[in-house]
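**Q** Spelled out from the first residue to the last, the chains are:
2 protein chains.
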Amino acid sequence: MNKILRVNMSDLTCSFEDVPQKYRYLGGRGLTSAITCDEVPPTCHPLGPNNKVIVATGVVTGTAAPTSGRISIGGKSPLTGTIKETNSGGMAGQKLARLGITIVVEGQPREKGKFWLLKVDKDGAELLPAADKWLAKGLYETYPLLFAEFGEKVGIIGIGVAGERLMANAGICVNDPENRPSRYAGRGGMGAVMGSKGLKAIVIDDEGAPGVPIVNKEVFDTGRKKLVEALRTHDVTKPGGALNTYGTAVLINIMNEAGGLPTRNFSSGRFEGAAKISGEAIHEACKTRGGVGKTGHGCSPGCIIQCSNVYPKPDGTELVSVQEYESVWAFGADCGIDDLDVTGELIYLCNDYGVDTIEAGVTIGVAMEAGLAGFGDGKKAIELMHEISKGTPLGHILGNGAAATAKVFGVVRCPTVKGQAIPAYEPRAVKGIGVTYATSNMGADHTSGYTIAPEILAVGGKADPFAVEKAELSRNFQSATAVIDSSGYCLFIAFAILDIAEGFEGMVETVNGVQGTSWTMDDVTRIGQEIIRKERQFNQAAGFTPAHDRLPEFMKYESLPPHNTTFDVSEEILDQVYAF
Amino acid sequence: MNKILRVNMSDLTCSFEDVPQKYRYLGGRGLTSAITCDEVPPTCHPLGPNNKVIVATGVVTGTAAPTSGRISIGGKSPLTGTIKETNSGGMAGQKLARLGITIVVEGQPREKGKFWLLKVDKDGAELLPAADKWLAKGLYETYPLLFAEFGEKVGIIGIGVAGERLMANAGICVNDPENRPSRYAGRGGMGAVMGSKGLKAIVIDDEGAPGVPIVNKEVFDTGRKKLVEALRTHDVTKPGGALNTYGTAVLINIMNEAGGLPTRNFSSGRFEGAAKISGEAIHEACKTRGGVGKTGHGCSPGCIIQCSNVYPKPDGTELVSVQEYESVWAFGADCGIDDLDVTGELIYLCNDYGVDTIEAGVTIGVAMEAGLAGFGDGKKAIELMHEISKGTPLGHILGNGAAATAKVFGVVRCPTVKGQAIPAYEPRAVKGIGVTYATSNMGADHTSGYTIAPEILAVGGKADPFAVEKAELSRNFQSATAVIDSSGYCLFIAFAILDIAEGFEGMVETVNGVQGTSWTMDDVTRIGQEIIRKERQFNQAAGFTPAHDRLPEFMKYESLPPHNTTFDVSEEILDQVYAF
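As they're listed, the protein sequences go chains A and B.
So in the numbering used here, the last spot in the first sequence is 580, and the numbers never skip.
So in the numbering used here, the last spot in the second sequence is 580, and the numbers never skip.
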């Protein structure tokens, strides 16, 4: 990347700076975390003037590297109070990468409730007052207005009403290839931070952009070919493979079978309605309902996995894109809802209002536990989601996520770590992922160290899900992930490169090709650990200790059916994860 | 004290145990904190089965020592997540002390929403199912029913609807000498912990109680006389002195004059309506309105300060007891309300619903900042308080205190430390009290180290309120306070004993007389520091670090009128407080 664009929301100025040498070989999460550590006071209020929103693309994003369109957004999270990096597919990453820009949004307008839009193109950047018609409404209404204004070919990074209202579960939305507001850097509430800066959207026009310089084209091409080959070969990622055919929701039946599909606010690991919300059921509905329905949809150009989908209504018109595993699980099993039309509607509302589906679904589950709706009551769940848009007190509670909802209603069975909802894999049934949830720098996050691969999927080796000695496993996954999150690659390349050494090699070579470095596969571990260590220092300075690297207490004393196990990984093991 | 009464709410049993030797010389806070540290897992969920409610009376409580009727309630706080001790006057302390009982409530009933009542008398203890008519209503209705059932002479420790609903600002109520539900162990939400145990009330009947054994009667009597003399002599505490005549609200004008009366959610240190809500105005209303109005009311038998009051309506009937400085400030200046009839009504609602006045008032101030009411709008403030009783989502938000309210509505100017509302002294205008707020083990709490004495009142020496070198001052006040909170004495004896050495001596002698110890005044510091160190270890194990010993960030960058000062005490100074 060539320039850092500083957007000062206090005086409404934009300025470009050279990228300091120390950031030269950083992209994505590596870069957002580095800038956060260097510039954001760890104890600052996440919604105050001293937090920042950092937008950085991955090292290979914008090149021909496959499945590499990720964009990272970082800063201090209002949901967790930790450092945060959240990344997304969609159309923005490659465009921003081709412009060679990393964005740092800082300061805060004096006037509250006023919003601006940042326009970035090859000629520079400017802040425009946000038009009233873009505000306080659903993104399915706002995004088309923005595309009408700025052209259909721009990338948009924006926030919905949840972000405008500073709700801690507000995500940041990126348009998909058909310009839906459907791809999210969702987790950790960075949309609220953007909202607190008075920034409604970033519009990226890459027409005439210089593109991503590649220092060593030959190395890059060699690597790219190896990686493409691995992705095209591996059962999980290949065309017609599991992800491409059924989408990520192929995991519903698998996790249910394993007794690790959290059900009804984490009171069981098995859901009797699982089959009805499975990837297979999604595939079937797309086939039988016809119309726009499809699996094998790509979320950003150049992806060869294509695990997304467009889910049709019974009449074949579009209900929503995308019914993702985590989203379907959150609103499905975790809320006791066994109807894809209902989960689809709820996911649509998340996209529309600008909230993370995982956090939102777990929040509804907690609200159900609090008695605000019965488990399985899809109609009431939809009503609850509408509260977020209405901005009622209840909407503010729910928009602030599961931990806030549990706190406000006195719910003890609160499935969060560091304030962030635990995703779709039960740590009492799959211990390694529990180690990741507990120790991740970002709060509970499956993507920060996806030990499900060896524990459940027999990818990257095989590990007994009930075994507790998982410190090393989680650590290795966490550090490898930090590198992938920095590279710009989608995390899903991991399935292939964990099993196919040449693929891993190819991944590293593409990075080397772009940067002119000569990193080896060993460097990946070192670099990953450096990123994590830096993030961890931020958290420590913000007041986090090993006492926060724990799962919620109820998982220690409540046995989870069907295996009737508790989370029995010792604190000593948890504390070993960061012993590097 | 002779026995520990264990009340197990899981199996609904009561059992008595001997007091272990290690607790022999502990009372009040010293004892509740010791038991909390020994028995409560620091990382447990405050509303889960592993937290406990510990009720302990002070060392001299129940004797003829003056102004010593305090009762301490401890455990882990759902408001702050820290260890918590909160104490109250009223009728329960001396009765429980005369029975020689310390109560430990533990476990949790399986059935949620069911409540019991604990009856304690000279013959033992039993749990009775709480009658429906005692539940889900105001305590001004419930308490008379309880007295009708158990006799007018019992002491009652109970919770209101806020505690039943597990709201983190639920206090624990103790009847006053006229059996009003008006004295509160209010801070830190221990009422929610009691609610989570399914315990609605503890009824204490001390008829035929053995009384408090005094090992060395002569030493005790000598000490008592010295202390009585000091209290009767000092300008602040003497009959007809400042507290006795005007009540604690005598501080309104004083703090306003000092520019340290937090106004409109801590946006100014001076309130133009201060005189109208001052102690002088209370005194005047009691005089001119006649009827039941009086200042110089005592909150528990044997108090010779008598700083409480009964505030009359215009027609002379009772509005509320008591219009305390902190309460009047919280609903008055901090909400921009300059009408004692409104603050009185709001305080009445706090008593009725069972919430802490400081936290509730600061919460309304935050809600006003969030736009839920205009500053100064008393009518709307009263409506907001009613939400707590109604149990609406908004009521749940407000009932969870200022930090939860700020979080839910995205308010950055959130005047809390460790989740507990900052009381009525502005740390930007009085730096030492800011040091106490920041570093106290209990969250923001003026009573944990009342440096206002030397900084504003010229009691116990004189200190420049704007000087920042206050680590030692705060430390000394905090350790002395820990001892007073353990003795059973009201903290207000401090005014006299800080200035009159003989009074201090007398205080120590009464403790020695009861216990048969020979503690010197030097021991007070040592013992106080031991208590604080132990509490701090609990907090550390719960995940608290020096990063939490900080005031809210906005106080560092927002200047406070009229002095236009920020809180500029360095982190180094804050971290020196516990360097012992």
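Heads up, a few of these hints could be off.
If several chains are the same, the list does not tell them apart, and a pair holds so long as it fits within one copy or across any two.
Pairs of lysine-lysine residues, derived as DSBU-like cross-links and limited to a Cα-Cα distance of at most 30 Å, are as follows [as the list claims (entries may be wrong)]:
| no. | residue 1 | residue 2 |
| --- | --- | --- |
| 1 | 112 | 238 |
| 2 | 390 | 294 |
| 3 | 153 | 534 |
| 4 | 294 | 119 |
| 5 | 225 | 119 |
| 6 | 379 | 390 |
| 7 | 556 | 112 |
| 8 | 112 | 379 |
| 9 | 238 | 380 |
| 10 | 122 | 379 |
| 11 | 225 | 313 |
| 12 | 122 | 217 |
| 13 | 534 | 313 |
| 14 | 114 | 380 |
| 15 | 379 | 462 |
| 16 | 112 | 380 |
| 17 | 114 | 556 |
| 18 | 287 | 22 |
| 19 | 390 | 380 |
| 20 | 225 | 556 |
| 21 | 462 | 380 |
| 22 | 137 | 380 |
| 23 | 379 | 276 |
| 24 | 276 | 534 |
| 25 | 153 | 380 |
| 26 | 153 | 276 |
| 27 | 114 | 225 |
Since the hints were derived computationally from the structure, they do not count as laboratory data.
It should be emphasised that the depicted structure is a prediction, and the values quoted were computed from it without experimental measurement.
**Q** None of the hints should be skipped; say for each whether it holds.
**A** Verification of the supplied hints:
1. 112 - 238: Neither. Shortest intra-copy (49 Å) and inter-copy (51 Å) distances fail the 30 Å Cα cut-off.
2. 390 - 294: Cα proximity of residue 390 and residue 294: none, with 32 Å in one copy and 48 Å across.
3. 153 - 534: Cα proximity of residue 153 and residue 534: none, with 37 Å in one copy and 63 Å across.
4. 294 - 119: Answer is neither: 33 Å inside a copy and 67 Å across each miss the 30 Å cutoff.
5. 225 - 119: neither (35 Å within a copy, 78 Å between copies)
6. 379 - 390: Cα proximity of residue 379 and residue 390: in one copy and across copies (17 Å, 25 Å).
7. 556 - 112: between (44 Å within a copy, 20 Å between copies)
8. 112 - 379: Between copies only: 26 Å across, 35 Å inside.
9. 238 - 380: The answer is neither: 39 Å in one copy and 62 Å across copies each exceed 30 Å.
10. 122 - 379: Result: close neither inside a copy nor across copies, 47 Å intra and 56 Å inter.
11. 225 - 313: Result: close neither inside a copy nor across copies, 39 Å intra and 85 Å inter.
12. 122 - 217: within (24 Å within a copy, 89 Å between copies)
13. 534 - 313: neither (46 Å within a copy, 61 Å between copies)
14. 114 - 380: Intra 33 Å, inter 26 Å, cutoff 30 Å: inter-copy only.
15. 379 - 462: Neither: 41 Å inside a copy, 65 Å across copies.
16. 112 - 380: Between copies only: 23 Å across chains, 33 Å inside a chain, cut-off 30 Å.
17. 114 - 556: Cα proximity of residue 114 and residue 556: across copies only (25 Å, versus 46 Å in one copy).
18. 287 - 22: neither (51 Å within a copy, 73 Å between copies)
19. 390 - 380: both (15 Å within a copy, 21 Å between copies)
20. 225 - 556: neither (47 Å within a copy, 55 Å between copies)
21. 462 - 380: neither (41 Å within a copy, 62 Å between copies)
22. 137 - 380: both (21 Å within a copy, 29 Å between copies)
23. 379 - 276: Classified as within: same-chain Cα gap 17 Å, cross-chain 52 Å, threshold 30 Å.
24. 276 - 534: Classified as neither: same-chain Cα gap 43 Å, cross-chain 54 Å, threshold 30 Å.
25. 153 - 380: neither (38 Å within a copy, 50 Å between copies)
26. 153 - 276: Neither way: residue 153 and residue 276 sit 37 Å apart in one copy and 63 Å across, limit 30 Å.
27. 114 - 225: neither (48 Å within a copy, 66 Å between copies)
Hint check: violations occur at hints 1, 2, 3, 4, 5, 9, 10, 11, 13, 15, 18, 20, 21, 24, 25, 26, 27; the rest are consistent with the structure.
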